[in-house]
Amino acid sequence: MSEKQTIGCLALQGCVERHRPHIEALGFDFAPVKTAKDFEAVAGFILPGGESTTMLKLIDRFGLWDALAEQFKAKPVWGICAGSILIAEKVFYSSKRVGEEQTKQVQKSFGLIPMTVERNGYGRQVDSHTANVNGYEVSLIRAPIIQDVANDVEVKASHQDDPVWVDYGQYMATTFHPELTFDFPSPMHSAFADKVKAS
Amino acid sequence: MGSNTGSPNVINIKTGLAEMLKGGVIMDVVTAEQAKVAEDAGAVAVMALERVPSDIRKAGGVARMSPPEVIEEVMNTVSIPVMAKCRIGHFAEAQILEQMGVDYIDESEVLTPADEEFHVNKHDFKVPFVCGAKNLGEALRRIGEGAALMRTKGEPGTGNIVEAVRHMRQINNEIRKVVNADEAELMTIARDMAAPYELLKIVRAEGKLPVPNFAAGGIATPADAALCMQLGAETVFVGSGIFKSENPEKYAKAIVKATAHYNDPAIVLEASKELEGVAMRGTEISEIEEPMKMANRGW
Chain D
1 MSEKQTIGCL
11 ALQGCVERHR
21 PHIEALGFDF
31 APVKTAKDFE
41 AVAGFILPGG
51 ESTTMLKLID
61 RFGLWDALAE
71 QFKAKPVWGI
81 CAGSILIAEK
91 VFYSSKRVGE
101 EQTKQVQKSF
111 GLIPMTVERN
121 GYGRQVDSHT
131 ANVNGYEVSL
141 IRAPIIQDVA
151 NDVEVKASHQ
161 DDPVWVDYGQ
171 YMATTFHPEL
181 TFDFPSPMHS
191 AFADKVKAS
Chain L
1 MGSNTGSPNV
11 INIKTGLAEM
21 LKGGVIMDVV
31 TAEQAKVAED
41 AGAVAVMALE
51 RVPSDIRKAG
61 GVARMSPPEV
71 IEEVMNTVSI
81 PVMAKCRIGH
91 FAEAQILEQM
101 GVDYIDESEV
111 LTPADEEFHV
121 NKHDFKVPFV
131 CGAKNLGEAL
141 RRIGEGAALM
151 RTKGEPGTGN
161 IVEAVRHMRQ
171 INNEIRKVVN
181 ADEAELMTIA
191 RDMAAPYELL
201 KIVRAEGKLP
211 VPNFAAGGIA
221 TPADAALCMQ
231 LGAETVFVGS
241 GIFKSENPEK
251 YAKAIVKATA
261 HYNDPAIVLE
271 ASKELEGVAM
281 RGTEISEIEE
291 PMKMANRGW
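Read top to bottom, the protein sequences are chains D and L. According to our numbering, the first sequence holds residues 1 to 199 in order. According to our numbering, the second sequence holds residues 1 to 299 in order.
Hints listed in this document are in silico derivations from the structure and should not be mistaken for laboratory results. One or more of the hints may lead you astray.
The calculated lysine-lysine pairs, modelled on BS3-like cross-linking and capped at a C-alpha distance of 27 Å, are [said to hold, decoys possible]:
{"hint": "1", "chain 1": "D", "residue 1": "K90", "chain 2": "L", "residue 2": "K36"}
{"hint": "2", "chain 1": "D", "residue 1": "K195", "chain 2": "D", "residue 2": "K156"}
{"hint": "3", "chain 1": "L", "residue 1": "K36", "chain 2": "D", "residue 2": "K108"}
{"hint": "4", "chain 1": "D", "residue 1": "K108", "chain 2": "L", "residue 2": "K250"}
{"hint": "5", "chain 1": "D", "residue 1": "K75", "chain 2": "D", "residue 2": "K37"}
{"hint": "6", "chain 1": "D", "residue 1": "K37", "chain 2": "D", "residue 2": "K195"}
{"hint": "7", "chain 1": "D", "residue 1": "K37", "chain 2": "L", "residue 2": "K273"}
{"hint": "8", "chain 1": "D", "residue 1": "K197", "chain 2": "D", "residue 2": "K37"}
{"hint": "9", "chain 1": "D", "residue 1": "K96", "chain 2": "L", "residue 2": "K126"}
{"hint": "10", "chain 1": "D", "residue 1": "K96", "chain 2": "D", "residue 2": "K37"}
{"hint": "11", "chain 1": "D", "residue 1": "K73", "chain 2": "D", "residue 2": "K156"}
{"hint": "12", "chain 1": "D", "residue 1": "K96", "chain 2": "L", "residue 2": "K36"}
Only a predicted model underlies this, so the values are computations on that prediction, with no experimental measurement involved.
Work out the full structure, taking the sequences as your base and the hints as a guide.
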């Protein structure tokens, strides 16, 4: 293979550039992507950490929903923190949030992985923390909690009995941020790159 | 099975939230309704205030931390992070904000300083702090005290971008100077800038501040936001610019759009056409009397 493959990171908002050294260390090109035209040129998508509310609004406002949904059918996708919320099948508000009904689905999502996530499951920023997961020091920042996964979803790491890294065919999700605390490339970036190579 | 190994009082966790806010717009709001408008427009966070900076200027007197009930109402209304301001050096106000669980504290020159000599020791807190700076030395002093995010000071409440541009360019210039300096020159630079030596070494090695750097102070239009982002700001704070414009909803959306696509003039043009209404009036900096220049507060 002569041409390098490109891994794209949805760059409407969020923690984008911190992925570049991980991806480049794996021999891929890295591209922040914002438009339907950008999407076509990449072999796999990272949906980065950031604010899921903001990303959803911008995907709708910029008319990108259908283009992304179409792309996600055929290509590997890795959702991180906010990104994992965007690709979960069901999304609920934090049980720590005041004045909200906890049982109703609160926002739409691409539904790529059959799992249920609770937004800001640990609470606000004062409840953010580092954790030791599979021997790695990871950051959970206003992170969601994966409450429930279907039987055919592989749980690759857990924290306090909740999954924090799950794998489902061409799709992957982490609720922590390998881009922030790991040497290049992180094992999670390597695992995602393997999916892109295989697709 | 994983276990917690660290409290939120870890610099990675503090700067980590700033990393998540990159490429976005943080909007000043004074009510829960405004917070909802900001969230719907695509703000990445809101700053809960009693008054926006332009009204603080008009009102005069002492500007303090907002009443807790104003901040709590905003926290209960939106799901995006909520920031709030304490006075420079007023660690008791900061303790109250931490107790309330705000997501970021802005130790801000927009409020009347409580201490003319010392800033808050931000290492003492688990809530991360953002602080303003006019130059590299000031930025590194604040980071030395534990700030996890920097922003330009600009001149808040003016709708005039000139001071934010000055501060952004100043910091960029000084970073270039440090990167190009011989290692033997660093201690002298540290003395001249009154900057912590160890942090200057990091700047020299990495070519950037050790924490994210956002723009604030005087941003009033989509073009202002695009300018700051192209000058190297990683997100923009918009204070009076949105809710002092004629059509806040349209303004908020347009500034978000221009920030997301700051390097595409065709889209920034589109955003500029969507405003429907004029920007806040704006103030020429030379018309402001020296004691009312907020950027000079703190050191």
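Under the criterion that the straight-line Cα-Cα distance not exceed 27 Å, is the pair K90 of chain D, K36 of chain L satisfied? holds, 23 Å
Given the hinted pair K197 of chain D and K37 of chain D, is their Cα-Cα distance within 27 Å? Distance ~22 Å between K197 of chain D and K37 of chain D Cα, so the pair holds.
Measure nothing beyond the straight line between the CA atoms of K96 of chain D and K37 of chain D; if it is 27 Å or shorter, mark the hint as holding. violated, 40 Å
Restraint status (C-alpha distance of K37 of chain D to K195 of chain D at most 27 Å): holds, 22 Å
Hint check: K96 of chain D vs K126 of chain L, CA-CA at most 27 Å. Holds or violated? Answer holds: K96 of chain D to K126 of chain L is near 19 Å, not above 27 Å.
Are K75 of chain D and K37 of chain D close enough, with their CA atoms no more than 27 Å apart? Between K75 of chain D and K37 of chain D the Cα gap is close to 15 Å, so the pair holds against 27 Å.
Against the 27 Å threshold, does the CA-CA distance of K195 of chain D and K156 of chain D hold or violate the hint? holds, 15 Å
Proposed proximity, K156 of chain D with K73 of chain D (alpha carbon, max 27 Å): holds, 23 Å
Given the hint that K37 of chain D pairs with K273 of chain L, does the C-alpha gap stay at or below 27 Å? holds, 23 Å
Within a Cα-Cα threshold of 27 Å, do K108 of chain D and K250 of chain L meet the stated pairing? Holds. K108 of chain D to K250 of chain L sits at ~24 Å (cutoff 27 Å).
Can the restraint linking K96 of chain D and K36 of chain L be considered satisfied, given a maximum Cα separation of 27 Å? holds, 19 Å
Does K36 of chain L pair with K108 of chain D here, judged by a C-alpha cut-off of 27 Å? Between K36 of chain L and K108 of chain D the Cα gap is close to 18 Å, so the pair holds against 27 Å.
In terms of the numbered hints stated before, the structure departs from hint 10 and from no other.
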